[in-house]
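*Asks:* These are the residues of each chain, in order.
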Amino acid sequence: EAGVAQSPRYKIIEKRQSVAFWCNPISGHATLYWYQQILGQGPKLLIQFQNNGVVDDSQLPKDRFSAERLKGVDSTLKIQPAKLEDSAVYLCASSPSLRVRDQETQYFGPGTRLLVL
Amino acid sequence: DQQVKQNSPSLSVQEGRISILNCDYTNSMFDYFLWYKKYPAEGPTFLISISSIKDKNEDGRFTVFLNKSAKHLSLHIVPSQPGDSAVYFCAASVNNAGNMLTFGGGTRLMVKP
Numbered sequence: 001e002a003g004v005a006q007s008p009r010y011k012i013i014e015k016r017q018s019v020a021f022w023c024n025p026i027s028g029h030a031t032l033y034w035y036q037q038i039l040g041q042g043p044k045l046l047i048q049f050q051n052n053g054v055v056d057d058s059q060l061p062k063d064r065f066s067a068e069r070l071k072g073v074d075s076t077l078k079i080q081p082a083k084l085e086d087s088a089v090y091l092c093a094s095s096p097s098l099r100v101r102d103q104e105t106q107y108f109g110p111g112t113r114l115l116v117l
Numbered sequence: 118d119q120q121v122k123q124n125s126p127s128l129s130v131q132e133g134r135i136s137i138l139n140c141d142y143t144n145s146m147f148d149y150f151l152w153y154k155k156y157p158a159e160g161p162t163f164l165i166s167i168s169s170i171k172d173k174n175e176d177g178r179f180t181v182f183l184n185k186s187a188k189h190l191s192l193h194i195v196p197s198q199p200g201d202s203a204v205y206f207c208a209a210s211v212n213n214a215g216n217m218l219t220f221g222g223g224t225r226l227m228v229k230p
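If you read the sequences in order, they're chains A and B.
Per the working numbering, the very first residue in the first sequence carries number 1; after that it's consecutive.
Per the working numbering, the very first residue in the second sequence carries number 118; after that it's consecutive.
The hints are simulated quantities; they were obtained by calculation from the structure and are not laboratory data.
Don't be surprised by glycine CBs; every beta carbon is placed ideally from N, CA and C.
Please note: incorrect hints may appear among the correct ones.
As the list claims (entries may be wrong) - With beta-carbon atoms standing in for the labels, derived distance ranges:
1) B:A187 - A:L70: 23 to 29 Å
2) A:Q59 - B:G133: 40 to 46 Å
3) B:P196 - A:Y10: 47 to 53 Å
4) A:K15 - B:S127: 40 to 46 Å
5) B:L128 - A:I38: 31 to 37 Å
6) B:S168 - A:G40: 25 to 31 Å
7) B:P196 - A:Q80: 48 to 54 Å
8) B:Q119 - A:Q17: 30 to 36 Å
9) B:A187 - A:Q41: 20 to 26 Å
10) B:S145 - A:S66: 31 to 37 Å
11) B:P230 - A:I38: 27 to 33 Å
12) B:A187 - A:E68: 38 to 44 Å
13) B:K185 - A:L84: 36 to 42 Å
14) A:K15 - B:S186: 43 to 49 Å
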């Protein structure tokens, strides 16, 4: 079974530029998550989708971050304009459902490492 | 406000010995807890979990203990192997809140041969 795919793996941009990240979840997984992981910290949830609808985006800085999952499969996360403090690893995860139980956990992609100069 | 805390940023253990990783939480609504393992340049991978109705869950060399009164859980790895060297994240969830996970800051485990 193929895992969660993310691209690009690395991105370096200057502040005030725009950047977009792409995620392809595990086939059949209805729920998709975007996390931000700053160096030395644990992942922080930015947004959660169930199919193509947003379940929670309370921690997404909506003045500069946006995300979409138009057909309920792939998703993109965009930052416009980027700030220095956005330097982090952006992780995408998927899960079969909204319920947390033994094996219905979240499966993570390798992440996109963003450096804002 | 950190609801899930891992107070030890790093831990070094000799191969064959026990590794004990600790995690504390403050939100009494959490009722499901998970441990994830992360290697460099990879995403976290699920390791083991425990529901709040249990106080222990075991899977091979890995055992998670939950002390609800102390709001504390721990991951025991016995025996530790060099391949266990990674960053370990504790995470917690409210089971009826849409599978949203709150992560701790992680503990880097180094198992020395």
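*Asks:* Are the hints correct? Go through all of them and say.
*Replies:* Quick rundown of the hints versus the structure:
As the Cβ distance of A187 (chain B) to L70 (chain A) is approximately 46 Å, the hint placing it in 23 to 29 Å is violated. In this structure the supplied range 40 to 46 Å holds for Q59 (chain A) paired with G133 (chain B), their Cβ-Cβ distance being about 42 Å. Our hint of 47 to 53 Å for P196 (chain B) and Y10 (chain A) is violated, since their Cβ atoms are close to 36 Å apart. Between K15 (chain A) and S127 (chain B) the beta carbon distance is about 32 Å. The supplied range of 40 to 46 Å is therefore violated.
For L128 (chain B) and I38 (chain A), the hinted distance range of 31 to 37 Å is not satisfied, since their beta carbons lie about 21 Å from each other. Distance hint for S168 (chain B) and G40 (chain A): a CB-CB separation of about 30 Å, consistent with the stated range 25 to 31 Å. Take P196 (chain B) and Q80 (chain A): their Cβ atoms lie about 50 Å apart, and the range 48 to 54 Å holds. Separated by about 31 Å at the C-beta atoms, Q119 (chain B) and Q17 (chain A) satisfy the suggested range of 30 to 36 Å.
With their beta carbons about 24 Å apart, A187 (chain B) and Q41 (chain A) fall inside the hinted range of 20 to 26 Å. For the pair S145 (chain B) and S66 (chain A), the supplied restraint of 31 to 37 Å holds, since their beta-carbon distance comes to about 34 Å. One distance hint, 27 to 33 Å for the beta-carbon pair P230 (chain B) and I38 (chain A), holds here, with the actual separation near 32 Å. Look at A187 (chain B) against E68 (chain A): about 42 Å separates their beta carbons, and that is inside 38 to 44 Å.
Taking 36 to 42 Å as the suggested C-beta distance range, the pair K185 (chain B) and L84 (chain A) conforms, at roughly 41 Å. Evaluation of the 43 to 49 Å hint for K15 (chain A) and S186 (chain B) yields a pass: the beta carbon distance comes to about 48 Å.
Against the hints set out earlier in the document, violations occur for numbers 1, 3, 4, 5.
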